[in-house]
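S.K.: So the sequences go chain by chain: A and B. If you read the first sequence in the numbering used here, its first letter stands for residue 1, the second for the next number, and so on. If you read the second sequence in the numbering used here, its first letter stands for residue 396, the second for the next number, and so on.
Hint data in this document are derived by calculation from the structure and do not stem from the laboratory. Ideal Cβ placement from N, Cα and C applies to all residues, glycine included. Fair warning: there could be bad hints in the mix.
To give an idea of the chain A side of the interface with chain B (calculated C-beta under 10 Å), a few residues [as the list claims (entries may be wrong)]:
1. Gly-67
2. Gly-70
3. Val-74
4. Ala-77
5. Thr-198
6. Met-302
7. Ile-310
8. Gly-387
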Amino acid sequence: MDFSYSPAETEFRTALRSWLADALPTGWGETVFEPKDEDERARFRLDWERKLHAGGWSGINWPRAYGGRGATLVERAIFAEEMARARAPEGLNIIVGHNLVGTTLLRHGTEAQKQRFLPKIISSEEVWCQGFSEPNAGSDLASVRTRAERRGDKFIVNGQKIWTSFAQYADWCIALVRTDPEVRKHAGLSFLLINMKTPGITIRPLRQISGESEFNEMFFDDVQVPAENIVGEVNGGWAIAMTTLAFERGPEDALGRQMRFKQELDELLTTLASLKRDGGHVIDDPIIRQKLAKSITEVEIMRLNALRSISRYLNGEDRGPDVSLMKLFWSHAAQRLYDTALEALGPLAPLWGSAATAGGRFQLSWLQSKAFTIYSGSSEIQRNIIGERMLGLPR
Amino acid sequence: MNFGFDGTQRSLGDTVARLLQSVPALTAPDLDPRQSDRVYEMLAECGLFALLVPESCGGTGLSLVDTALAVESLGGGLAPPAVIATLAATDAIVRHGHEGQRRELLPKIASGELRVAIALLEPGCGYDPHTMKSTIANGRLTGRKLLVPGAAEADLLLIVTGSGGKPTLALLDARSGGVATQVQESLDPTADFHEVVLKNVAVRPESLLGGASPERAVERLMDVSATLHAGMLMGIAAQMLHKTVEYAKIRVQFGQAIGAFQAIKHRCADMAVAVEAGQSAAYYAFWAIAEDSSDSPRAAAMAKSYCGEVARMVCNEAIQVHGGMGFTWELGLHRYLRRAKVLEHAFGEGAWHNERIVAATLAALIPETNRQWEVA
Ligand SMILES: Cc1cc2nc3c(=O)[nH]c(=O)nc-3n(C[C@H](O)[C@H](O)[C@H](O)COP(=O)(O)OP(=O)(O)OC[C@H]3O[C@@H](n4cnc5c(N)ncnc54)[C@H](O)[C@@H]3O)c2cc1C
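Please work from the sequences and hints to get the whole structure.
M.R.: Written as structure tokens, this is what we have:
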């Protein structure tokens, strides 16, 4: 065990740190923040990602051949830490484009697909969305019904997807579709790459708990997809989708989220240090301090859990149910963090928007946190996976 | 960066686990404090007490992080807490002892000839070493210490006390004049707790640890002990998880193994998550204190607080999943429950460490504000 860093790794850190200092807008995180409007915010995040790319800090642990930096997993972890330290903005394409599509194509894509798609993911020229879930196929993902029929050198796609995050900004979509309705449900699925500009695709925004509309419904009406845009074999899509999910729940994703939670936690502590109530500072309330300690510890453990999984991979193990342990932990710990945040804000916690303490960011995050235990496989599904595949309990 | 253990570290853990398994009395249902008498010698024979002793003093010269899995095995195998006390004391002598103490004591500790008990708690006091009532005045130590594991068998007593208003560490011969030990009844008699009464015990300057900065020696002892206890707690939690999962596979009700019921399966999964998270916290603390990383006091506090909570949750769930069997004396789950509870309360329980975690975090995040509080 060794948490110290090699000279090369330290150099990587220093270079990134100084780049970030220049790249972030002056007053970032103090007087300058992300735009409040959702669409403007999406554009802002995309611009930030493009800036990262221009600086050579995008797709850092991907092979150089596809525009990546060829960095190690450890450097990937350092990257997450430094982004947290600088309170850097979030990206728009990172969750789906980088973490899901890129990683899946790296494992299962043809050379032509890698050449065609990876560089534009890394540069964020092309934004991606994930069309897996359907109204009747959520936890039971293998029940998807969206149909893809082979006609000549094309697939014709008909059906409906739901809860598709970022579809409104996306240029491309990874879609899990049914190519054979006659066989066992897992055996008739295929994994397609669909251009969102293709005629026949309709997107309707869905409003979320928070009032925002990050996710959407998508309707496919005789959408033509070139046959070469299949990943893997026809009817071999389930295994590919499982790779996608393993990365969706993996340490790279968890580290990225951890950095966000760490920033919010620091913000919360700073806020409470200046917030006065009953003649004292809220931060001195011993009961609040007990709860903060738990969140401080849990946010640190999120990072350590991710580093442990990364080390497992470095030591030759493959991704397994460890990703479910990690996701189950961070999702519930993050929900506790935001519950604690609102509790600490006290009597005025119900205020919303600019009237609220810290501009209402904790209220918004609290609402958003409710999704953590639902998406990327709900907590119940993660518990099934851990129980059956890791602990060996009967189905 | 590599957050994994190497082959030597893992095999140390396995060796200790196997050795303890060869003494069934250790985990037997009955609460006999003498059942483990031989264990200390066996552990000494396999070299456990030499691990932290530098090679120049007849030891193996390993670091605390090398012992993390061995400590976890000690916890899971219900080795008496006195074993951990000797390991923590070894670190204290290695780091803060003077040349004479190192030369004289370390080789004998390494060989198992000398056992050390650590005395911290006092009546009417919490865990803060600054608030101990016992004091050394005019070269004499007077006070009462409670819940000292293994005090009767110990050759040396490492006593957290005060001198001139500051915390300090005295390392005394357990048979010094004025020292009286008496067994204390406790939730876990196998932890072998004693009350130690100190009446005008002579303390020569060369019996103190820490030289010019005794406070640092005390802090280090608290952090090391907290970390070692966190490791032991994770050993217990991992054992309880394992036993529970195995039981859920074989116990049949309603025509199926109870582990097929989601209410049971999901509890087991949550236990597994807790064990993974607790180990992350504990292992990191081992590394941080071994390397004197600047965040090591906070890492130790996190580990102790969090692992205490994990062990508590996992023991509770383990008993629930075992049903009536879990509540019996004969199955012996109560041994783990009791041990986890006494370890949870040693060297700072959750609330005490939580306060330290917040203070350390704020001091790093907003140093100016923190100074202002201290003044206020
Ligand atoms: C904010 C957000 C963004 C999302 N973005 C995307 C996206 O971009 N792309 C995409 O494809 N999907 C996305 N999803 C969908 C998400 O993956 C699904 O919501 C999720 O898989 C659950 O499916 P469901 O909503 O149909 O719920 P259901 O499957 O109907 O589950 C309802 C409840 O039943 C429980 N349950 C179901 N099956 C079992 C079982 N076997 N055992 C025990 N309990 C069970 C669930 O845990 C849950 O509590 C998003 C969801 C959210 C909330």
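S.K.: Regarding the hint that Gly-67/A lies at the interface with chain B, is the smallest CB-CB distance below 10 Å?
M.R.: For Gly-67/A, the interface hint is violated, since the closest Cβ of chain B sits about 25 Å away, which is over 10 Å.
S.K.: Using the nearest Cβ pair, does Gly-387/A come within less than 10 Å of chain B?
M.R.: 4 Å, holds
S.K.: Should the interface hint for Met-302/A be scored as holding, given a Cβ-Cβ cut-off of 10 Å against chain B?
M.R.: 9 Å, holds
S.K.: Just to be careful: measuring from the Cβ of Gly-70/A to every Cβ in chain B, is the smallest value less than 10 Å?
M.R.: 17 Å, violated
S.K.: Can the hint on Val-74/A be confirmed by a CB-to-CB distance to chain B that is less than 10 Å?
M.R.: 5 Å, holds
S.K.: Does the CB of Ile-310/A sit less than 10 Å away from some CB of chain B?
M.R.: Holds - the Cβ of Ile-310/A comes within 10 Å of chain B, reaching about 7 Å at its closest.
S.K.: Let me know if the C-beta of Ala-77/A comes in closer than 10 Å to any C-beta of chain B, holds or violated.
M.R.: 7 Å, holds
S.K.: Holds or violated: is there a CB of chain B closer than 10 Å to the CB of Thr-198/A?
M.R.: 41 Å, violated
The earlier numbered hints that this structure contradicts are 1, 2 and 5.
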